[in-house]
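For the protein sequence lines, the chains are A and B, in the order given. The first sequence lines up with residues 1 to 410 when you count with UniProt numbering. The second sequence lines up with residues 1 to 410 when you count with UniProt numbering.
Please keep in mind that the hints were generated in silico from the structure rather than gathered at the bench. Do not rely on the hints blindly, as some may be mistaken.
One copy or two, it doesn't matter: identical chains are merged, so the pair holds either way.
[Stated by the list, open to error] Here are the simulated DSSO-like pairs of lysine-lysine, each with C-alpha atoms no more than 27 Å apart in a straight line:
#1 Lys373 x Lys30
#2 Lys93 x Lys10
#3 Lys399 x Lys92
#4 Lys373 x Lys399
#5 Lys30 x Lys93
#6 Lys175 x Lys373
#7 Lys92 x Lys9
Number of protein chains: 2
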Amino acid sequence: MGISPLAPKKYTVLPPLDGVRIAVAKAGIKYADRADLMLMVFDAPAAVAGVFTTSRCASAPVDWCRSVLADAGATTRGFVVNSGNANAFTGKKGAAATQMTAQAAAKAISCNPSDILLASTGVIGEPLDASRFEGLLADMAPAAQTDLWLDAAKAIMTTDTYPKVATASVDLGVKRVTINGIAKGSGMIAPDMATMLSFIVTDAAIDQPVLQAMLSGLTPSTYNSVTVDSDTSTSDTVLLAATATAGNQAIVVADSDDASAFRGALEIVMHDLAIQIVRDGEGATKQVEIHVRGADSDTSARRIALSIANSPLVKTAVAGEDANWGRVVMAVGKAGEPADRDRLAIWFGDVRVAVDGERDPDYSEDAATAVMKRDEITIGVDIGLGDGQARVWTCDLTKEYVAINGDYRS
Amino acid sequence: MGISPLAPKKYTVLPPLDGVRIAVAKAGIKYADRADLMLMVFDAPAAVAGVFTTSRCASAPVDWCRSVLADAGATTRGFVVNSGNANAFTGKKGAAATQMTAQAAAKAISCNPSDILLASTGVIGEPLDASRFEGLLADMAPAAQTDLWLDAAKAIMTTDTYPKVATASVDLGVKRVTINGIAKGSGMIAPDMATMLSFIVTDAAIDQPVLQAMLSGLTPSTYNSVTVDSDTSTSDTVLLAATATAGNQAIVVADSDDASAFRGALEIVMHDLAIQIVRDGEGATKQVEIHVRGADSDTSARRIALSIANSPLVKTAVAGEDANWGRVVMAVGKAGEPADRDRLAIWFGDVRVAVDGERDPDYSEDAATAVMKRDEITIGVDIGLGDGQARVWTCDLTKEYVAINGDYRS
């Protein structure tokens, strides 16, 4: 499988963060000859927040993290992440595997198992042999280094074709704080998270409840606004840790100037990673932004936007560079939300193709087709009823998607 | 494009029905060298019932039919159907085209325009040039014959690879009545109808309100239980006409023995046509039945079944003959319905692959893979919570689907 044509030309270099060390190893879970196990060590307890899949069939590591994070004020000493096996739908064996992994990591780092957070991604339903991790983790903890962010992003990949990294910095008073994030996609990506794992770390000092509120608050407009195939994974996990090593005055309330500045930087990192996931959607050749406005409400606009973004017919038309706006009409119509056919207007890029319930009188097939040839396309829809609006991002649906998912397990 | 590997080996011959005549013609709307216009003439007014798309952006012919059928006791003298252009999202021009078509057909048959029902299927958003129909309809009406059911089924095809016909007969008292049906698929097929057109005619005598109740009552478990790609068309239309030429004692109430016998035969025709649509789903190589039981309610079971049936990851796994039941777990989990991971059981055919929230202890990859190699696959799911159940039908998602929909318009 080649690298996505939408991959970045080069990867951003993430700066080291004090007190955060990374190690990767080859556990041989599924992939030969590549790192598939990542350990991130926090030298001192870091405040930590999490957001997880809405699936009713959550994976064992998600169960583990939820239980650890149930208390406000949670801290962490380490993240252990493996690719190649999701440890999902693995029953008691799955719970035992999380226990064994957390114990091994805790022993290696000298902390409690409940100081360790876990995530796994890959095939569902195969028991995960966690005994493979034990010896590796003991070696990884002392060897971990501060400059391995890109290696970490690579170790957590499954069908991703490129590693996803992002960073942002902001001055809080006289101190500069930095936020580093990594993520993986790229199938089973739907608005309620994705087969998405993302790990974000900052050296800022932030109280845990504020950290959790920021992460939860920014998720809907970032990670939960991207969809590759409408499928929701059992494993989706976003963790955000704050090490408090930058020396800023701790952020303890959500409405301070510092909180606001930090939130802005965090949003940049989360949005950047979310878009990178779409751009590496399985088989993707186009990034598509759907912007719906004039809907009855924001919620209604979001449902219409997702109806368009998840429509196989819209997505295949984009793949074919076909300005088939009739399929956008179809997707608006099927969303089940208030809409009036005769007030609807549709744009591809800045070319209005339909207005007042029919083809734009000035419609130019050539102009619309020129838009479709770009690798970033915006589909605009004005429902013409109210003030509701929403923006979501997706990619096209290609034969590659089918090829990737037709022999994923073989 | 080749014929679907799931096409019937031969087509059922539909018997003539007294007082029902058919003509087809080449109007050249989109397709060269094939009939794309169908006229069905009822020599006397026939009771008629209809079910239409739930799209908020319904086509002009759907608007027309809804208006004609608004009165209980509606009768019809003719159906005019074209393929190649859906006359949807065509504004005032679209309404004018339906008016012109109905007038031309009415003139040819010597009836009122409101005695004519219309349907169009094909591309959305292109104005339909109904002037092409005028002369043709004048010639078609007198030339119409009773034995052209297969030709009618062919004339209404778009991306269908084979015509869909079905027939059933039942004795009502001493009289035998017959039900003939035709349908077309095959993309934009979703539970709330489809780019589905279906026309059913019986020679039985049935009061119009009973006819409508039967059609509406049987639609959820037949046409609305098939999904190819989760997309809902602007044009979905099912019409059922009863000519009363068989001489049976008229069915005037829905709960008589005759009504019950007739309903049984009608269900056979509707189910048969619905399954034929799935088997001719764009790019389909496998027919898939999803049977969910043990859900909290029938409604909940149906939502879970559709979540599985519409999951691109489940459908691509089926295309790849991969017994990837983990994706079924995923699709159950994302449905948002009550489910308990640790009570879930899953079957492919008669092979139980998962039970009690993990892989079946007796799981055999070989046995499961053998099931996946068939061209008709049943996926069974027991939620383990209650008595709710539902059955839906779909097909696999292949590269052919993407190819068909990536250059539909070009």
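How the hints compare with the structure:
Taking the closest pair of Cα atoms, Lys373 and Lys30 come within 27 Å of each other only across two copies (25 Å); inside a single copy the shortest separation is 37 Å, beyond that limit. Taking CA atoms no more than 27 Å apart as the test, Lys93 paired with Lys10 passes in neither setting, with 41 Å inside one copy and 52 Å between copies. Taking the shortest alpha-carbon separations for Lys399 and Lys92, neither the intra-copy value of 38 Å nor the inter-copy value of 38 Å comes in at or below 27 Å. In this homomeric assembly, Lys373 and Lys399 come within 27 Å of each other (Cα to Cα) both inside a single copy, at 18 Å, and across copies, at 21 Å.
Proximity of Lys30 to Lys93 under the C-alpha cut-off of 27 Å is restricted to the intra-copy arrangement: shortest distance 18 Å within a copy versus 59 Å between copies. For a Cα distance limit of 27 Å, the shortest separation of Lys175 from Lys373 qualifies neither inside one copy, at 45 Å, nor across copies, at 63 Å. Taking the shortest Cα distances, Lys92 and Lys9 never come within 27 Å of each other, neither inside one copy (44 Å) nor across copies (49 Å).
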